[in-house]
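Two chains, two separate frames, one set of hints: put the complex together.
These protein sequence lines map, in sequence, to chains A and B. Under this note's numbering, residues 46 to 333 are what the first sequence spells out, in order. Under this note's numbering, residues 240 to 508 are what the second sequence spells out, in order.
None of the hints are false.
Computed footprint of chain A on chain B; a stretch qualifies when at least three of its residues, placed anywhere within it, have a C-beta under 8 Å from a C-beta of chain A:
1. 278-289
2. 403-416
3. 419-428
Bear in mind the hints are in silico, worked out from the structure with no lab data behind them. Beta carbons: idealized from backbone N, C-alpha and C, even for Gly.
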Amino acid sequence: MADLDERRDEYRDFAPAGGSRLVDGLRAYRLIAGMWIRSTMAYRASFAMTVFGNFAGTALDFVAILLMFSRVDELGGYSLGEVAFLYGLSCAAFGLTDLVLGSMDRLGARVRDGTLDTLLVRPAPVLAQVAADRFALRRLGRITQGLLVLGYALVVLDISWTPLKVLLMPVMVVSGAGIFAAVFVAGAAFQFVAQDASQVQNSFTYGGTTLLQYPPTVFAKDLVRGVTFVLPLAFVNWLPALYVLDLPYPLDLPEWVAFLPPLVAVACCALSGVAWRAGLRSYRSTGS
Amino acid sequence: MGTGRLYAAVAAGGFRRYSTYRVATAAGLFTNTVFGVVLAYTYIALWDERPGLGGYDQAQALTYVWLGQGLLSAVAVMGGGFEDEMIERIRTGDIAIDLYRPADLQAWWLAADAGRAAFQLLGRGVVPMAFGGLVFHIALPTDAGTWLAFLVAVWLGVLVSFAIRYLVALSAFWFMDGAGVQQLAVLTGLFFSGMVLPLNVFPGALGELARALPWSALLQAPADVLLGERTGFGLLRTYAFQAAWAVGLLAVGRLVQSAATRRVVVQGG
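One chain only, chain B, in its complex shape (with noise of 0.2 Å):
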């Protein structure tokens, strides 16, 4: 089997596997429609307060907040990923199964998660845009080409997301339990990919480290693309600040793989 056809084949694992558990979709879009309304009434109570605050009006604010809501499976950000079982399998020692495998260990979860992330944006993504846009007054573009430019910066999102949550699994290699630093990635994570409130909205210094953070190439960057923040020039600027930190992200990550499999010892019998 070629390469290029193994990975695919792993992606589209991915894929039908998450779109395994209908009820389990169903009740987490339920829950972000919830967070959705909850967190909705807040920026508009913030937003009447200040209007054009952080340079959104209140129909982008709303915008933002059910595009987080429909983005927050896809990129990841509470976790629920393929790393959940990376960690298992460093815990158990079967990652070294894993390692003698003829693939590379990174593009295989690479490919799972791509799988996973395609189906989490159609199967969670959807439903909560089109509950904000019925019920709240919210801004989307009527374009096809902001969309495409859209859709371009959330699977940059998902490729750093992948490379931040592929060094906290590789963690768990001198941890052995992955959840403290698993915790720590999402509170991390949370805060400064924008979910809790959009990073431009942050004050001063903390707003200028928030949006340099690779986390803001989840949520804040295709959000920016999205709401029409970002054309042009600006836009080729936010696909290069995403893809910098993706490859980075990406490169620190095969490094620590080598120095773990070189100096850690596999667990198991």
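Excised from the complex, chain A in its bound form (with noise of 0.2 Å):
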């Protein structure tokens, strides 16, 4: 395997000169991920369907909550437009990232099949290869209805703006797709290990932005304090929205916690990039 490790590195060498490594990650990412675009062009019907597909499908849960709020006037002490409003910056932020790495749980069959090699011999950064791979422009469907149903929230609920609210809502959507980012990478990292467990990655990702359309006083405290302080879902949109909202944190935490979600994001990509390096590192091919 040493033998593979030189070859990255012999071909590091040959990368576009003058680029730093983001800068080639970035440029490889768009190479490869307009190649999967003109691909998935070729059956235009099926695209036209997965892109509706991917619009209903995601906005299924909304439906589900709509039917949910056919019955009851509240959830957990929260009304439909307050529960939309978590819905929407749930669904805007995990789009975001699902759009941009979403193709990252493939990582485990690469592994077990070997094609991961392939990977390691081209003169790109790997992780913006693996994250390009199968790059899905279909995925926009979920950004849009999680944009949509935050539009409705916005027109239904009254509240109360300062230039500090109206700042954070922006902040809140960029930093919630870092920490979701973070999620991503540290579960592809894990299939380095576990190839076929891609899918406890999904119960993170897919299950987290679930999580997170639902108020967290519906939840357990336990459950509340596990997505606070240990997987920090928390900070992606409800502690902010809470403050655009001006209801009562879960937990007691002090009112300044709305504001952490930019320094959560960086310190779990910091984590979750330290994670991917040292599976990469691990890998040692299917020997055959």
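This is the structure in structure tokens:
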């Protein structure tokens, strides 16, 4: 395997001159993603159906919430508008990450059948290649749907806006996407160890976004503690959104935690970056 | 080899094949459990607000959550059964080889899918139910008769699920890439099987419609049997409903298959 490492280093030297690793990565990502978009367009009828499917599929969760509210006026003390606010923010942040990194769960399959070797010998960062693999434009459906629900919430809710709250909205979505990105990358790193376990990643990514669509008051205290202090998903939308809505925080947290999401996102991404490097170094190919 | 023995061997192969992926099964169980927990808390909030919603008490609603997670793979609501492979064989043209084998195409895949369902019923069904039972207050029947009646309803549900997915797979003869149709099928299945919310909670005409469509045979029907809502004549009516959809959809599958094999040019060189 020293062999592979050497070869990887060799090719690194052939990387486009002058560019940093980040620029190389973004360039490779753009090229691979563009290729996948062209490839998808070969089957246009199927593409149209998958875009609609992605939109409708993710909207299904909101339809379930609407059906619930056709029978009740409040869920966990939250009105439909307030739940829609949480839902829209969770979907927008997750949708952004899903569009960019949504194929990371295929890494396990690549480790199992050895096709990751191909990525290692190409003169481009492996993370960019894995992330762009099977880039799927249909995932715009989820973002669109989340933003529509968020728009609905903003129309029906009577929020007392301050400049700080307005600023917090885009910051929240971008930081939330960053936190989810860390979960995707850490999940991919875990697949180096357990190749068939891509489903575990799904339970933190898709499961996480589903959890955040509902008010924190619905869940048991220990669960809320877990997603605040252990896997900090609560910073994606719960805490900042409750600040915007002027609603009480779970666990008696202080008010300033609403402004932590950017810091939490940076810390999570740094940690998952370390995990990714460790995972990649432990890769031993299939041996055949 | 006798026909019966052939299909039994195919089914056994299906069972063994899925039982090989132990890590994937464990990972799937983990995911089912996480989603079950999230759903269970939302259902508690919902039934706290409206006790007796849809004719279920809270314990029954929670049983429904964990049953849904337990049956998700067996009735293949999210896909992941034989259809991926069949679509790939249609796309590459390998289906031509299958068509001149001395075995019936539909029966072959049904046997393979039954083997898969049997494994996933055990491998993916028992643990979520047990976890739900330990962590939440759920209402499971104590008499063997109800459990037996439930198992019959589950297998009828698997049959209906197969019949639907066979039609989905056949659509690849016309579309070549099955992804679009598959995704639409998963969506419709998730919503109308009651996996998102029990169908008896759906309001008015939407509820009537949802309960009449074939997908209600996948989860709602077995759930109602397990929760003791269907006994005697009601139980027979549930079985008849499931069996009618199974027979009807399997027959449509055969018609579509003969149309596909007569009119469509097989891929490949």
